[in-house]
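Visitor: Protein chains in written order, with this note's numbering: chain A, 1 to 381; chain B, 382 to 688.
Calculated from the structure, these hints are not laboratory results. Certain hints may be false.
As the list claims (entries may be wrong) - With beta-carbon atoms standing in for the labels, derived distance ranges:
hint, chain 1, residue 1, chain 2, residue 2, range
1, A, E352, B, V425, 53 to 63 angstroms
2, B, N519, A, P293, 29 to 39 angstroms
3, B, L422, A, A80, 21 to 31 angstroms
4, A, N173, B, A471, 22 to 32 angstroms
5, B, R521, A, T85, 30 to 40 angstroms
6, B, M665, A, P297, 53 to 63 angstroms
7, A, D135, B, A457, 31 to 41 angstroms
8, A, A162, B, G537, 52 to 62 angstroms
9, B, T672, A, R111, 58 to 68 angstroms
10, A, A80, B, L666, 23 to 33 angstroms
11, A, N173, B, D549, 17 to 27 angstroms
12, A, S58, B, L673, 56 to 66 angstroms
13, B, V534, A, T207, 44 to 54 angstroms
14, B, G475, A, D135, 43 to 53 angstroms
Unchecked claim - Calculated Cβ distances over 12 angstroms to all of chain A for the following chain B residues:
hint, residue
15, F479
16, L542
17, D549
18, L566
19, G634
20, Y650
As the list claims (entries may be wrong) - Calculated cross-link-like contacts (lysine to aspartate or glutamate; reagent style EDC-like; alpha-carbon spacing at most 20 angstroms):
hint, chain 1, residue 1, chain 2, residue 2
21, A, K278, A, D294
22, A, K176, B, D446
23, A, K339, A, D310
24, A, K104, B, D446
25, A, K204, A, D367
26, A, K278, A, D367
Computed from a predicted structure; not experimentally measured. Where is the CB? At the ideal position from N, CA and C, for every residue including glycine.
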Amino acid sequence: MTQFSRRAVLQLIGAGAVALGGPTALSRAALAARPKELNILCWEGYNSAQVLDPFRKSRSATVRAESLTNDPTMINRLRAGETNTWDLINVNNPWARKVMLPEKLIKPLPRAEFEPFFETMLPSFKPPYRWALSDDGKELLGMAQRFGPYSFVVNTDKISRATAEDTGWDLFNDPKLAGRYGILESDDWNVFGIFVIAGIDPFKQHTAEEMAAFEQTAKRVFAGARMIGDIATMNQALISGEIDLHLTGGTYSISPARADGFVNLRGITPNKGPMGGKGGIAWIEITSMVNNPDLSPLAADFLKYVQAPDIAHTVAFAEGTFNPVTQMGNPACFNLFTKEQLDAIQWDSLEEEMARSVEYDIVPDYDRALDLMNAAKRSRG
Amino acid sequence: MATDMLEAPAPSETAPRPAPGSRALAFLSAGARCALPVYLLLAVGFAAPLVAVVAFSFATPRSFDVFATFTLENYATIFDPANTVWLSFAWSLGFAAFTVALLAVVAYPIAYGIVHLFGRWSGLVGILFVFPLFISENVRLFGWVLFFIRNGVLDGSLKALGTDGGPDVLFTPGMILFGMVYTYLPFMLFPTVLGLSLVPRDVVDAALDMGATRLQAWREVELPLAMPGLLIGMLLTFVLAAGAVAEAKVLGGQSVIVITHDIEIAFTYSQNWPLGSALAVLLMLIIGGLTLAALSRLDLDRILGRK
């Protein structure tokens, strides 16, 4: 039997302590200079091997990407102190200029270096592009890439596209459709949807009467839902015939099913609505550099890398969901899309749908509305 | 011998003076000193996150001012009579209680078969119940969705046979309960198998020889002796089921909101970590309290034969 002296045991414990604490100390040392390390907080797609592996290989870099499926969680991660961890953050359009820059969570990009990329983007993204800029228009805060209209989805075999576009959000006020629709588990977007179904513009301060109307609408819409679930659940239920339509949804959520051949399922942008007459809501992702005290030089490099036509095409059709990209304004990128891929992202109606949509914005009384909506969800049981 | 002892120098004069740290350690037993690294690991990996959650629950709502602010506002919000979050607590604890009751009824006969009836097939039957644990819970639950969904495996097959199709059970509270019973069956089954294995067959035979009916022998001999395993299984499944969320989301289609889902919403869409922490602390207290109450009533020491 092996005998251990007290000295040997203490030496072992000491070695263990060094082993536990060593990596932390080393990583702190490494943090001072991170030429080969990049951390990305993003929606799914940018974390895929198709997008990241060529970058990793060409730069011999260690790239870590974590994907989440809602903006508030990502913003909170930075607020909680993870600005020391991440180099890039990829969220929807209003957060950069309205929240992250004022809270010093991100830092501006070198404008002269990055703004020229907007020149080759689709026409509505030509510089100066509002959502990529600070409120005063002086600072460039991020790069635009994926975007899309996002209102609701129908099975056009059950409800025609024309009927859905003309009726708009009132479909969810139709008692005959109770039990025939689902609700995508995307609470921030559902707040928008419930406001619009109630005939109220979501993106403004609301009166007590409007909040009461929101509450009543939320209770009715959630009570009439067949189910609440994720994208896979919604698409499976549409394909099987369990439901005929769902909110909130659009190109982002339905494109995987369309790519699988279910082109009867379609994202709908209503012809009219309470948002200055517009009935649809659209999102545009803005990818910004985090205000990390030890920002990796690869952050700027990666933002340029995804602008290349072939990589932009890969981003559009990375795993998970398929989406249009702003770089489709460049023929070298657009020509990479096959007819099936263009069908999957509803390219035929994309321009008119974006024109009928307002852009995703911050709801000033979101917290109160979300509390009311959560209570409405609980009342389903 | 006595001379040697007298001539031997006093320990305090020759031994090096112990360092203050080692003097403090000397108060601990050898076992406690050996366990010190593990205690430290537990303090950092287990206690520290709990302390952080408790501290967050007293922070200003929708802020990250942990350890910097102190308010009872989060708890006041939860206990506000207008707040319906109590429904979520009720659903979670109700589902957990029903799951435990159903599992006790379902797992007992299977465990009895494994211990007494299946013979050399017992190992195989056990493996069949363990095997699903190697597959992600979400994947298994989505499998059940495909089975029960309209035009899915069940409905489609029955329609192909000329019937009206399968029952409309998906996205209901009953389906959530089914999912929980399905998911947590192994966690009840194997402690029950262990409990039944501890029952000496001779004791049951003796009871029967002395005139007990089969029901009496089961109720007064076998069940009390198997109780340690049953109790461990029930506590384990209750705690797991009270914290379950996937069943309500996937199989239930969020037809009800369970408390863990409310906690998740608070940490994500609501951007309100302090409220989520307060809900988590209350859930811990409720589950911990119920568990301790159950243990004190059932007196595990006596059941295990330590008294």
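Visitor: The structure should be examined with respect to each hint, and the outcome stated for every one.
Guide: A quick look at each hint next to the structure:
{"no.": "1", "hint": "A:E352 - B:V425: 53 to 63 angstroms", "result": "holds, 57 angstroms"}
{"no.": "2", "hint": "B:N519 - A:P293: 29 to 39 angstroms", "result": "holds, 37 angstroms"}
{"no.": "3", "hint": "B:L422 - A:A80: 21 to 31 angstroms", "result": "holds, 24 angstroms"}
{"no.": "4", "hint": "A:N173 - B:A471: 22 to 32 angstroms", "result": "holds, 31 angstroms"}
{"no.": "5", "hint": "B:R521 - A:T85: 30 to 40 angstroms", "result": "holds, 33 angstroms"}
{"no.": "6", "hint": "B:M665 - A:P297: 53 to 63 angstroms", "result": "violated, 44 angstroms"}
{"no.": "7", "hint": "A:D135 - B:A457: 31 to 41 angstroms", "result": "holds, 36 angstroms"}
{"no.": "8", "hint": "A:A162 - B:G537: 52 to 62 angstroms", "result": "violated, 31 angstroms"}
{"no.": "9", "hint": "B:T672 - A:R111: 58 to 68 angstroms", "result": "holds, 59 angstroms"}
{"no.": "10", "hint": "A:A80 - B:L666: 23 to 33 angstroms", "result": "holds, 25 angstroms"}
{"no.": "11", "hint": "A:N173 - B:D549: 17 to 27 angstroms", "result": "holds, 25 angstroms"}
{"no.": "12", "hint": "A:S58 - B:L673: 56 to 66 angstroms", "result": "holds, 58 angstroms"}
{"no.": "13", "hint": "B:V534 - A:T207: 44 to 54 angstroms", "result": "holds, 50 angstroms"}
{"no.": "14", "hint": "B:G475 - A:D135: 43 to 53 angstroms", "result": "holds, 50 angstroms"}
{"no.": "15", "hint": "F479", "result": "holds, 14 angstroms"}
{"no.": "16", "hint": "L542", "result": "holds, 18 angstroms"}
{"no.": "17", "hint": "D549", "result": "violated, 10 angstroms"}
{"no.": "18", "hint": "L566", "result": "holds, 24 angstroms"}
{"no.": "19", "hint": "G634", "result": "violated, 3 angstroms"}
{"no.": "20", "hint": "Y650", "result": "violated, 4 angstroms"}
{"no.": "21", "hint": "A:K278 - A:D294", "result": "violated, 43 angstroms"}
{"no.": "22", "hint": "A:K176 - B:D446", "result": "violated, 48 angstroms"}
{"no.": "23", "hint": "A:K339 - A:D310", "result": "holds, 17 angstroms"}
{"no.": "24", "hint": "A:K104 - B:D446", "result": "holds, 17 angstroms"}
{"no.": "25", "hint": "A:K204 - A:D367", "result": "holds, 13 angstroms"}
{"no.": "26", "hint": "A:K278 - A:D367", "result": "violated, 24 angstroms"}
Taken one by one, the earlier hints fail for this structure at numbers 6, 8, 17, 19, 20, 21, 22, 26, listed in ascending order.
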